[in-house]
Amino acid sequence: MFARLGFADPARAERLVADSALTGLIDPLDDDFADGVIQALADVADPDLALLTLVRLMESLRTKIASSPDDPALGRELPALIATLRHPGPGRERILAVLGASMALGDHLIAHPEHWRSVAEARTRTVEERVERLVSKVSLPPEGLTPEDALRVYYRRGLLGIAALDLVAPDPLVQLPTTAAALADLAQAALEAALALARAELPEEAEQCRLAVIAMGKAGGRELNYISDVDVIFVAEPAGGADEPAAMAAATKVATRLMTACSASTSHGTLWSVDAALRPEGKHGPLVRTVASHQAYYERWAKTWEFQALLKARVVAGDREVGEDYLATMMPMVWQAASRENFVDEVQAMRRRVEAHIPSAEAGRQLKLGPGGLRDIEFSVQLLQLVHGRTDPSLRSGTTLDGLAALAAGGYVGRDDAAVLGSAYRLLRTLEHRIQLLRLRRTHLMPTSQSELRRLGRALGHRQDAATTLLAQWKAESREVRRLHERLFYRPLLNAVARLDSDEARLTPEAARERLQALGFRDPKGALRHIEALTEGLSRRAAIQRHLLPVMLGWFAQEIDPDGGLLAFRDVSESLGTTHWYLRLLRDEPQAAEYLARTLARSRFAADVLRSAPEGVQILGDAGGLVPRSRADIERRMRVAASIKKTPEQAVKAARQIRKVELFRVAVADLMTGLGSSAVGVALADITEATIEVALEAVSRATEARTGQSLLTKILIMGMGRLGGRECGYASDADVIYVHDPLVGVDQGAAQAQALEIVKDLVRVLGEPGPDPAIGLDADLRPEGKNGPLIRSLDSYRSYYDRWAVTWEAQALIRARPVAGDNDLAAEFLDLIDPIRWPDSGLDQAQVREIRRLKARMEAERLPRGADRRTHFKLGTGGLSDVEWTTQLLQLEHAHTYPTLRTTSTLPALQALAQARLISSADHATLSEAWQLAARARDAAMLYRGRPVDQIPSDAREADGTARIMGLAPGSGQELAENYRRVGRHARAVVDRLFYGETEDGPFGGHA
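So the sequence shown is numbered by my numbering: it starts at 100 and just counts up by one.
To be clear, the hints were calculated from the coordinates, so they are not data collected in a lab. Certain hints may be false.
Claimed, not checked - With a Cα cut of at most 30 Å, we get these calculated BS3-like pairs of lysine-lysine: (1) 402 - 467; (2) 402 - 624; (3) 885 - 859; (4) 382 - 402; (5) 352 - 402; (6) 973 - 885; (7) 752 - 859; (8) 859 - 745; (9) 467 - 574; (10) 236 - 163; (11) 467 - 382; (12) 744 - 859; (13) 382 - 352; (14) 352 - 236; (15) 885 - 752; (16) 885 - 954; (17) 973 - 954.
What the hints assert, rightly or not - Label pairs and their calculated CB-CB ranges: (18) 359 - 166: 31 to 37 Å; (19) 1046 - 490: 35 to 41 Å; (20) 1046 - 579: 41 to 47 Å; (21) 889 - 744: 22 to 28 Å; (22) 462 - 579: 16 to 22 Å; (23) 452 - 303: 40 to 46 Å; (24) 742 - 922: 17 to 23 Å; (25) 749 - 888: 27 to 33 Å; (26) 1091 - 742: 53 to 59 Å; (27) 1046 - 884: 23 to 29 Å; (28) 744 - 775: 32 to 38 Å; (29) 464 - 241: 40 to 46 Å; (30) 166 - 462: 50 to 56 Å; (31) 1024 - 359: 48 to 54 Å.
Glycine is no exception: its CB is placed at the ideal position from the N, C-alpha and C atoms.
All chains should be modelled from the sequences, with the hints used to inform the complete structure.
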């Protein structure tokens, strides 16, 4: 029978029912307990807990009566309690509900059994009644209690009444706002009573100040939990002729005593912590300030989240006039917060920081901070309130549910969305309340044990498989909250421009512009035009766009350039027109849609490439689509595309069409997965080499077709500089030198003329405006530089290097690598240059001095006018040139002894130098860090701006965009610049020692 009634331990329940403490309460002849206490226990959250606590309560009351025979009032409590419990009615229902839901409140009743009437006769009380009751008990505590103990005892007595009404409500979700407000009112009464206690203990200090207590957070919003820190701000003004410093010192003492009166642990426990960390400067700032001091701080120093926190500020204790003056001063600033620069970025960054600090073991159990939790709802509502509350005072509520209702009533969110979100909020808060109520412990985690999940499920009315049903309900609501997050912000923006009938929220144009501006769009009018163009009409395409855009607008808004992202998305969408696969891909592949939105709003370079090759979107839906392709694969596809074209111009254009898709692939992979500077350099070099190879083939075929015979000479293109080192950037030219070798029996002059013609045609077709960024072939590193022939024969190179080569040319050849043309000629040319770049005797002192002089001259003459030497990527302090010249000097000196130094790439060369102990591991780390930072920053700046950038941008927005691409948080542009200068200084110190030889300290300093 006990099992049927919901008892988890029927045997123990049967023993407890027979306990003598229940004499007079249980009829031993009533076998089925129909309509009795035991039957009533079947309706509570935990029948076993309720029965056990009931036995202990009855024992406690009998014992207390026996120890106080001269107290007739106490003696009447037992028969009154028995009568209440024996008869069905609100009294019995409330008592059993509390006993079955809260061990902590059960323990209080056992300690104070006469308080049972506070449960049975519970009623709704005004805040004034609660304040009067607690203040009177603290001012004149009952016999045996100190003021602090009286505060605790009678606070819990008030808590009993609130819990009683909450636990028997027909629908706890409907009851939630009333319960939360009552808990906030009780906390307000406790703060007022604690202030009365502090004033009584510190009368002199109390006379010198007028102190007001401002509730923040849930206490301020009248939506408090059963157990929670109470967030406050203290504000005071001088009184009684006291000067301000003395008044603030006195107010600080009073406020400190108020805090300990609530938080200190006594024999009767504690209430909760009073947390003043939301004050200006947080825990590092003064505990109490004047109104003027608060105003000065918020006008000059406050961050966005501090204004957001003030949204819930409310006067709860102390001097009302001072408190209202504080609110009148602060609130106008709160409602202008959304106009601050980076408003949404800062709000979202705060949300990300909160999520990042959730321990991984708790993430799946968090009711408050986890995905789809209470904080998601609260942040969403507060953000919309701050955006639209500037012009609509009806939204200015500190209570989440009231704010949500006002947003729906004003048309700022859809009514259906608001209803679903409000229901989720009520459920999550009710779960939080029931979990906390059990032990009166501050927690926001779902339990894991089956017994506690069963108790929690029963508390919400589930009787069959309560634990499983509860978990399913919670997970469903959390998913809905996460899904609605995008709709809440962005769906009404579509309705603002739609010409369709809709029951959903329809923002006015002005409200839509306000929201877009707050979300980071710099041109909200333009954004609305783009949204309208994408969604207008009744076509299937417009319908899918209306489905996609609310989510994509959210992704655009989280990036540095949402306007550019939305415009590029419109351009790409219009270019692809009715293409069947495009919108289907974005609809069915959420990650593809997200990557597209974030890429377009993060990188003008990627957006411009995609505009010219919109079909590149397809790679976002391919498995492995963001893995850079090998040179062989790219070259094969380019060769196939070029082979069917009639002219070299058409062939190269077809190859470049593939090139731009590959550039987009690398850019997206870089932006979304963080390839790193080395992987980007290799990928871009492969794309460039494949394009040059296929272009050379096309031009060569055209020459053969025109002359009617095979080529007279073999041609080789050697990559130099960053191309040779496979360290290409998005803005890199292709440094090359051209080599040819006439066939046997061919006239040397004719071969030279044909080779020159082919090279000029190659430079022309690759440099023409096209669908992709042009490839500028730069041959300035050839013998004699710009004054020498554009292309030489192998024999001419051999003669020149034997007679005329200077040291800088040997240094340039370090990075020489075949990238296109004849393989046999490549092998011969490498045999020719290897002794030059890896000289058997290293360098003599005159050659070292020549390299140093050339480097010093370059530093003095080549830095552009107005450039910042501290942040210039190539020529600046500790920049690319510093690291590369240092590395190459050491390669020239030591590669004859250490074959591992014979590499064209900077980072492998540095690694080899460290392994050979030619530089220290610390110097290796410093130089590698500086080179990678400069290379990465240059690539990131190019990705952001879409055009070459030579140094860390001085414009704050551009620096921020660059920093965000590099993985830094929004608003980190200044941090990037400072870090770049610091790394550069450290690297330059190493360069001065290793390259210029400013110190000689053994194997790890200077040169041998």
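Status of the hints after comparison with the structure:
1. 402 - 467: 23 Å, holds
2. 402 - 624: 28 Å, holds
3. 885 - 859: 15 Å, holds
4. 382 - 402: OK: residue 382 and residue 402 at ~15 Å, within 30 Å.
5. 352 - 402: 28 Å, holds
6. 973 - 885: 22 Å, holds
7. 752 - 859: 17 Å, holds
8. 859 - 745: 19 Å, holds
9. 467 - 574: With Cα atoms ~13 Å apart, residue 467 and residue 574 stay inside 30 Å; holds.
10. 236 - 163: Satisfied, since the Cα-Cα distance of roughly 22 Å is no more than 30 Å.
11. 467 - 382: Judged against 30 Å, a Cα distance of about 24 Å means the pair holds.
12. 744 - 859: 20 Å, holds
13. 382 - 352: 16 Å, holds
14. 352 - 236: Measuring from Cα to Cα gives roughly 23 Å; hence the hint holds.
15. 885 - 752: This hinted pair holds, its Cα atoms lying about 28 Å apart.
16. 885 - 954: Distance ~20 Å between residue 885 and residue 954 Cα, so the pair holds.
17. 973 - 954: Given pair residue 973, residue 954 holds - Cα atoms ~12 Å apart, limit 30 Å.
18. 359 - 166: 31 to 37 Å: 33 Å, holds
19. 1046 - 490: 35 to 41 Å: 39 Å, holds
20. 1046 - 579: 41 to 47 Å: 44 Å, holds
21. 889 - 744: 22 to 28 Å: Check passed, 26 Å falls within 22 to 28 Å.
22. 462 - 579: 16 to 22 Å: 18 Å, holds
23. 452 - 303: 40 to 46 Å: At 43 Å between Cβs, range holds.
24. 742 - 922: 17 to 23 Å: Check passed, 20 Å falls within 17 to 23 Å.
25. 749 - 888: 27 to 33 Å: At roughly 30 Å between Cβ atoms, residue 888 and residue 749 fall inside 27 to 33 Å, so the hint holds.
26. 1091 - 742: 53 to 59 Å: Hint holds: Cβ distance 54 Å, inside 53 to 59 Å.
27. 1046 - 884: 23 to 29 Å: 27 Å, holds
28. 744 - 775: 32 to 38 Å: 36 Å Cβ-Cβ, so the 32 to 38 Å window holds.
29. 464 - 241: 40 to 46 Å: Because 42 Å falls inside the window, the suggested range holds.
30. 166 - 462: 50 to 56 Å: 51 Å, holds
31. 1024 - 359: 48 to 54 Å: With Cβ atoms ~51 Å apart, the hint holds.
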